[in-house]
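Asker: Go ahead and model the full structure; you've got the sequences and the hints to work with.
There are 2 protein chains.
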Amino acid sequence: MDELTRAICAARDAADPLAPLRAHFDLDAADARGEIYLDGNSLGPLPRATGERVWQVLHDEWGRDLIRSWNTAGWITLSQRIGDKIARLVGAGPGELVVADSTSVNLYKVLAAAMSLAAAAAPATRRTIVSERTNFPTDLYIADTAAKERGFSLALVDADDLPTAINDTTAIVMLTHVNYRTGRMHDMAAVTKAAHAAGALVVWDLAHSAGAVPVSLSGDGTPGSAADFAVGCGYKYLNGGPGAPAFVWVHPAHTARMDAEGWRQPLAGWLGHAAPFAFTTDYQPGAGITRFICGTPPVLSLAALECGVNTMLAAESFGGMAAVRQKSLALTDLFLALVAFRCAGYGLTPVTPDEHARRGSQASLAHPTGGYPMMQALIARGVIGDFRAPDILRFGFTPLYTRYVDVWDAVDRLAQVLESGEWREARFAVRAAVT
Amino acid sequence: MDELTRAICAARDAADPLAPLRAHFDLDAADARGEIYLDGNSLGPLPRATGERVWQVLHDEWGRDLIRSWNTAGWITLSQRIGDKIARLVGAGPGELVVADSTSVNLYKVLAAAMSLAAAAAPATRRTIVSERTNFPTDLYIADTAAKERGFSLALVDADDLPTAINDTTAIVMLTHVNYRTGRMHDMAAVTKAAHAAGALVVWDLAHSAGAVPVSLSGDGTPGSAADFAVGCGYKYLNGGPGAPAFVWVHPAHTARMDAEGWRQPLAGWLGHAAPFAFTTDYQPGAGITRFICGTPPVLSLAALECGVNTMLAAESFGGMAAVRQKSLALTDLFLALVAFRCAGYGLTPVTPDEHARRGSQASLAHPTGGYPMMQALIARGVIGDFRAPDILRFGFTPLYTRYVDVWDAVDRLAQVLESGEWREARFAVRAAVT
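Protein sequence lines correspond, in order, to chains A and B. Take the first sequence: its position 272, counted from the start at 1, is 272 in my numbering, and no numbers get skipped. Take the second sequence: its position 284, counted from the start at 1, is 284 in my numbering, and no numbers get skipped.
What the hints contain is simulated information worked out from the structure, not anything from laboratory work. Where hints are given, some of them may not hold.
As the list claims (entries may be wrong) - Short, incomplete list of chain A residues facing chain B, as computed with Cβ under 8 Å:
# : residue
1 : 144
2 : 168
3 : 243
4 : 266
5 : 267
6 : 428
Unchecked claim - Here are the computed lysine to aspartate or glutamate pairs in the EDC-like style, where the Cα-Cα straight-line distance is at most 16 Å:
#  : chain 1 : residue 1 : chain 2 : residue 2
7  : A       : 148       : B       : 149
8  : A       : 193       : A       : 168
9  : B       : 193       : B       : 220
10 : B       : 148       : A       : 149
11 : A       : 85        : A       : 316
12 : B       : 85        : B       : 316
13 : B       : 148       : B       : 187
14 : B       : 148       : A       : 282
15 : A       : 193       : A       : 220
16 : A       : 148       : B       : 220
All of these numbers come straight from a predicted model, not from anything done at the bench. C-beta: ideal position from N, C-alpha, C; glycine also.
Answerer: What follows is the structure in structure tokens.
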């Protein structure tokens, strides 16, 4: 470790093929403050292109052209257009994925679809949705509620117990690909195949995967490896802005069956109708994935989301998701190594797996009592991570704009926080509404 | 009629107490084109304040302050803050109404709540949701789907048959206060009382009411006149921008009961949790109306919505909703009178009620075959209304920015379209995606 210096980090930045992409983001204010933003896994930063695009939507499309922009500016197909772009990032085909609503709402839709398929195909002894105890809470809330409504139940297990928990009572396996707390990543193809082998369907939440790690919803080429359903978030690694609309994907074999059976999802709103502007009394679901659209989408937020997605697509000219992944692992490796070297003896325990195949694009450290104030003290020193109750200091590493020197400086400041003991000051214990 | 001239219309504009409010909107491009925008009931125009506010959210709150804006810029309570403002426009109290999701999604939530109450309180013979056959389709789609899931059924009747259709089999009466096609308005207090007298709950869709006509969800002071549930739209008369988030209101007596029973709505997402950032595994619904929030809201679109709502609140200094209503009726009276005088003999039939108490803030004309091309020809002459299948030419009158001379000029151009017969030209028959 003694030969690793800040200069070496700077040299790695100079050789980084993704380095030019940092210019796509407006990090001027953060840079001027000497701040290191390691919270892009919670809220991606503002792409430089977004301001002009939103201005255009506001002033030209809405202000000047008014209602006609539904046609002339393509607002009416925006959900599909952005969906096709996101599909490229998650190994899905064109026309298979749409942007709509929030992750929570989309999860409700696909769980209803999965339970409908399970109820039609499987005996009443197969009515369990298996998920991970530390899955993101909204997924558990939505699943528990939707399951109870339909005579299913939600069973929560630890990640390590999944292989035995998936059995002939399992209707659905619902997992977040990368755990929001630990950064631990599931082997999507392996879990999907195991679930399919057990006769279950799989729903993946890609909130911490889309734009963060390579994803192939259509599988790895081996039988049974293609996923069934997926949802994901627009405001984290996709840089779509606060509360950006979410996305939903369904395997085309399932939507083909829905087409054949006229199946409707529970939130059967007018823009998921086959002919919304026919204004007919009866609902006729739109073909394929379009039935998963519900009401009128928030166009301003959609426009910003498209700019965010474009920042990820820009990486395609610089090695694409493979290059993003390579740098992401290098950044988290560097962080974990520096923390081990510089921050030993203060009770911090890394909870993100060492093994690359099981690691997302974040690194988390647990502390039994000091997690919250340590993070506040670190933020006061200009390193923006976040705290996840009850004990996690969380750091997101986003290769489009995070530099190796940022990692160095972040750990340097964390070491200062720990060495000084300043995190014990009362001011760092005051909780904000959002933590 | 022979003494009504454009000069008289101009004189009425000069005396209009609401006239100063037109300056709150950026109609410069429409004005430069000589265009008259009578489609604010579909998409309200851009408020002048919106651009700067959205710029601020983009560049200062998101770009500069990043994740901390959830606290420092109050993003986390934006749904409630805007909800309190909308509450003032619909006769609801502070803390009773939140902005969230789309109208369709919110309708699903409140119908689930209403069905839950009905199932708990009423015999199994009372399982019908009564609505109007010409209600906006998304309401019917959502209700039909939600009803079937829960052992209820949707019964559609003509508006005139409502009094007899509401009986001891009726669990819920679900109506849009002002019909999107005809502009016919229900007597909210009377229908609510009749439904309550029959033992039913009432769900109101205020899409064409909020900001358009006076609404009192808390009733008219007589027993049983307070509504039970309401949803509404942000992008029509509230000028919130394309696809602006919607709102949801529940009578505080119902939310008090939900609090006591720990009742959760089906879309039990994390931001409707009592303590979202505790990240607990079990869902504990937030108090009161906050349980009707689901996922993370689209902040850019919320910010624009607030500016739109502010334009309506600005009317409070100029006579408020009473003045808005008075002018709205004067505008639709003028339009209908001028159409009767100038456009007779062309097969156009007004379908908006003459009676003020039954009229919303729009005027609709039916034509058996020519509705679509007539509207296209009128749009080509710079009068922007819209067509609603199969036969309705629809005109919205929005007193904050529509002038009496606009009404005169619109009818003048409609007369030209009819007298010239130009609407029969093939080019006007070509359908756009959104009509």
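Asker: Starting from the hint list further up, note which numbers the structure goes against and sort them upward.
Answerer: 2, 6, 13, 16
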